[in-house]
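**Q** Chains as they are written, first to last, in our numbering: chain X, -10 to 449; chain L, -10 to 449.
Each hint should be verified, as a subset may be incorrect.
[Said to hold, decoys possible] In silico DSS-like cross-links for lysine-lysine, where the CA-CA straight-line distance does not exceed 30 Å:
hint, chain 1, residue 1, chain 2, residue 2
1, L, Lys408, X, Lys72
2, L, Lys399, X, Lys211
3, X, Lys408, L, Lys78
4, L, Lys78, X, Lys276
5, L, Lys89, L, Lys27
6, L, Lys389, L, Lys412
7, X, Lys344, L, Lys248
8, L, Lys412, X, Lys211
9, X, Lys268, L, Lys27
10, L, Lys28, X, Lys211
11, L, Lys444, X, Lys153
12, L, Lys344, X, Lys66
13, X, Lys211, X, Lys344
14, X, Lys378, X, Lys426
15, X, Lys279, X, Lys441
16, L, Lys279, L, Lys211
17, L, Lys38, L, Lys408
18, L, Lys28, L, Lys279
19, X, Lys426, X, Lys389
20, X, Lys441, X, Lys329
21, X, Lys28, X, Lys422
22, L, Lys408, L, Lys422
23, L, Lys389, X, Lys22
24, L, Lys412, L, Lys27
25, L, Lys279, X, Lys279
26, L, Lys28, L, Lys444
27, X, Lys336, X, Lys389
28, X, Lys241, L, Lys211
29, X, Lys78, L, Lys27
30, X, Lys426, X, Lys153
31, L, Lys89, X, Lys241
32, X, Lys248, L, Lys211
33, L, Lys441, X, Lys211
For the record, the hints were derived by calculation from the structure and aren't laboratory data.
2 protein chains.
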Amino acid sequence: MTKKTFKNLEMNLSDFALSTDLYELTMAAAYFKSGQIKKRAIFELFVRKLPRNRSYMVAAGLEQAVAYLQSLRFVEKEISFLKSHESLKNLDNDFFEYLKDFRFTGDVWAVLEGTILFPNEPLLRVEGPIIEAQVVETFLLSVINFQSLIATKTSRITHVASNKDVIEFGSRRAHGPQAALLAARASFIGGCVGSSNTLAGYKFGIPIFGTMAHSYVMSYDKEIDSFQEFTQVFPRSMILVDTYDTLEAVRKIVEAGIKISGIRLDSGDLYQLSVESRKILDMGGYKDAKIMASGDLNENIIQDLVSRDAPIDYFGVGTELTTSRDDPAMNGVYKLVAIKIPRSKKKYQLIYKLKTSEGKKTYPGPKQIFRIFSNGLIERDIIGLEDEKLQVKAVPLLKKFMEHGRLIRKLPCLDTIQKFHIKQRDILPIEFKALDKVPEVFPVSYSDKLEKIEKEFRTE
Amino acid sequence: MTKKTFKNLEMNLSDFALSTDLYELTMAAAYFKSGQIKKRAIFELFVRKLPRNRSYMVAAGLEQAVAYLQSLRFVEKEISFLKSHESLKNLDNDFFEYLKDFRFTGDVWAVLEGTILFPNEPLLRVEGPIIEAQVVETFLLSVINFQSLIATKTSRITHVASNKDVIEFGSRRAHGPQAALLAARASFIGGCVGSSNTLAGYKFGIPIFGTMAHSYVMSYDKEIDSFQEFTQVFPRSMILVDTYDTLEAVRKIVEAGIKISGIRLDSGDLYQLSVESRKILDMGGYKDAKIMASGDLNENIIQDLVSRDAPIDYFGVGTELTTSRDDPAMNGVYKLVAIKIPRSKKKYQLIYKLKTSEGKKTYPGPKQIFRIFSNGLIERDIIGLEDEKLQVKAVPLLKKFMEHGRLIRKLPCLDTIQKFHIKQRDILPIEFKALDKVPEVFPVSYSDKLEKIEKEFRTE
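Chain X with its partners taken away, still in its complex shape (with noise of 0.2 Å):
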């Protein structure tokens, strides 16, 4: 019972195949058991809404999405929990035959991690056969949706930041330990200088920070000594100061002369406590003392605290960075565009395919972002067919990251994503960057060839 318990917890290589809807597994074997295992399909992923209060969004997760596809395999126990499944148990053996040597062939096109985008941009697209395109679909969704919101959130958080250092504080508000783990590197990406994830380090050699909580100063009978303690094992520390009494506990860091590299604000009035502890440390010579606030805090609260110059160096952002509390979903849809009917050996039928149930339009064949620059500044987006050539001088962003299931394009590492997005994020207009309006609509349009094909087949 209780191994089994622990091994519930574990996200292993052999998890990943079933971590899936199972309505994708039975679509898998519909194809396949009515012969259509050569049919090819074209799906791409975007976003049709942003989250609330945002004007644009950060793409994120695709070293993870691709680190799946590379790797996806189902193993002989999973293979015998499907066969034995209610669904699929009259199912011929055949099907799960397929399933041993099942491996992604398909090619994959996306966007650079932090890219900015908007609304209904094909931020990744996968062509393979029908099966493989298909199944992958709830996997892909679910990393790159959930890095995508943290990265936005972040974006907007170091954004109103400005100048100031802000540290991912959030792992134990996060929906779980991965979450924790793929948070800290949205946020890295989004901007943030590291994060108190020890774990986000060891994989992903991301900065990590921390020193001491509440808990640390009570074990002690007096706040002084656990100062005074903690000091001598870490020299020149971010102290602690608002267990008990913050401004007195500031002061008796100074009367005691204890060398720190700073104190951290965790609660009440940050603006008013940080004025007065910088008071306090400045008369008392401790002029290098950094201060750090944390507490609750959001991009409303951290502008505001920017905007009236509080004397704050760095920003801890946990909750509301880790849960993008004011929206908590992106939106990603995986929609199929198009699908390719083999009618010789090499050759296939393109046919682009499009939905039209009510409230729901999306457009048909597989996609290209054209984007237009003026004036050094991102100016707007067109939407065209991934074949297109446009008029205008345009940049398009979706790249071929892999081909026939292998990665054909080196992936960046974290420090060059985060810096690609900052530059990103400095040459967007500021009107998509402000916090307190209705949020700003890009100008985002589709080429006159994409809206025809489209107008077609409204009218079919």
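For chain X, the structure is supplied; the task is to place chain L on it using the hints.
**A** This is chain L only, laid out in the frame that chain X set:
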């Protein structure tokens, strides 16, 4: 590079130790280096304030918490990583030697999963050597906060769904693949009959559901062909009817005489479409066919549909459930409530602890929740000291689950947990389950003894 990338997505046994805030480890080092390894600490995990709109919460995640505590180890590679980290690299080797043999040897009290709780009620208490009890904070919070969040949200949804079944459908919007898995588990506790997440079936034995997506229907030239082919492979399936024109699709099924178990509506006016579809099905001799509704459902929409007697048999709930969208954070905290200082070989001096910084009042000492029932309903709770004998008849909710690091009480299976929760919800007075008003505050008081102790701390 890609090999490393792939590894980054796994969550193995060996990753759990570092899946924590760095400050847990710097505090551990500070305790170790200042010779406090023999001190014992008592921590309590509780929620100060419920998520928005909630009157009660549902405890969940104990099984994963126990699994973690039982398996916690630092492996060689992780210790090397810590040794090389900037903030720890100046420490003597003895701390890292200590980590090699580190095990959790403490005691754990907890409420049963599925228990209904209110703000400030401890759902878990850990007592152990101070380093052990401290280091586990972040991980315990991340698994318990998240599962409690989702079980709580689901309990609201399944309550208003009344006698209609609810299936969890939100893997693609969950905060990563592990969050999807844990959400499936927590939503089952909260009353869902199952999930679309295949891994939840494989790992937890949760019933899993799923048939087809729009892409399946679209991959055929004619909608009706997709239905025919699918039901040839999977006879009597749930057919998705809203890819093009919902009612037209239902009519086609009836006309063609396709054998189905039911239809799924995923967009449009679900009330209207369910009424019209029901008529078509009934008149066509499909009286047994069920109707499932999905598409951005939440407790308010479901309450509305149920109150209008929409002929819907099942609800599939995704994004709103797996992200707890109206408030995606359970603000559980893990607070030091007492320290035990060794005074002789077997004797400890117990010192109550309390943090007094503004706005974050807590009560000191190890506590127990005493629940008082009246006329078969939950009437009120009293939070007292763990060993307190109250004058009234009350049921203590916290039970001892671990002793010296070993599980001493059997963890119930998921079916038992779900039944236990539903039974609790049945005897919770109705006003705490209403959706459409300001949440009622359930009567929770502190014992006189606890109030007295708290007052003494305040006036010290």
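**Q** Would you mind marking each hint as holding or not holding in the structure?
**A** Hints versus structure:
no.: 1; hint: L/Lys408 to X/Lys72; result: 29 Å, holds
no.: 2; hint: L/Lys399 to X/Lys211; result: 41 Å, violated
no.: 3; hint: X/Lys408 to L/Lys78; result: 28 Å, holds
no.: 4; hint: L/Lys78 to X/Lys276; result: 27 Å, holds
no.: 5; hint: L/Lys89 to L/Lys27; result: 18 Å, holds
no.: 6; hint: L/Lys389 to L/Lys412; result: 22 Å, holds
no.: 7; hint: X/Lys344 to L/Lys248; result: 24 Å, holds
no.: 8; hint: L/Lys412 to X/Lys211; result: 47 Å, violated
no.: 9; hint: X/Lys268 to L/Lys27; result: 39 Å, violated
no.: 10; hint: L/Lys28 to X/Lys211; result: 16 Å, holds
no.: 11; hint: L/Lys444 to X/Lys153; result: 41 Å, violated
no.: 12; hint: L/Lys344 to X/Lys66; result: 50 Å, violated
no.: 13; hint: X/Lys211 to X/Lys344; result: 67 Å, violated
no.: 14; hint: X/Lys378 to X/Lys426; result: 37 Å, violated
no.: 15; hint: X/Lys279 to X/Lys441; result: 59 Å, violated
no.: 16; hint: L/Lys279 to L/Lys211; result: 24 Å, holds
no.: 17; hint: L/Lys38 to L/Lys408; result: 26 Å, holds
no.: 18; hint: L/Lys28 to L/Lys279; result: 61 Å, violated
no.: 19; hint: X/Lys426 to X/Lys389; result: 37 Å, violated
no.: 20; hint: X/Lys441 to X/Lys329; result: 21 Å, holds
no.: 21; hint: X/Lys28 to X/Lys422; result: 43 Å, violated
no.: 22; hint: L/Lys408 to L/Lys422; result: 17 Å, holds
no.: 23; hint: L/Lys389 to X/Lys22; result: 53 Å, violated
no.: 24; hint: L/Lys412 to L/Lys27; result: 43 Å, violated
no.: 25; hint: L/Lys279 to X/Lys279; result: 64 Å, violated
no.: 26; hint: L/Lys28 to L/Lys444; result: 26 Å, holds
no.: 27; hint: X/Lys336 to X/Lys389; result: 21 Å, holds
no.: 28; hint: X/Lys241 to L/Lys211; result: 78 Å, violated
no.: 29; hint: X/Lys78 to L/Lys27; result: 57 Å, violated
no.: 30; hint: X/Lys426 to X/Lys153; result: 23 Å, holds
no.: 31; hint: L/Lys89 to X/Lys241; result: 37 Å, violated
no.: 32; hint: X/Lys248 to L/Lys211; result: 76 Å, violated
no.: 33; hint: L/Lys441 to X/Lys211; result: 22 Å, holds
In terms of the numbered hints stated before, the structure departs from hints 2, 8, 9, 11, 12, 13, 14, 15, 18, 19, 21, 23, 24, 25, 28, 29, 31 and 32, listed from lowest to highest.
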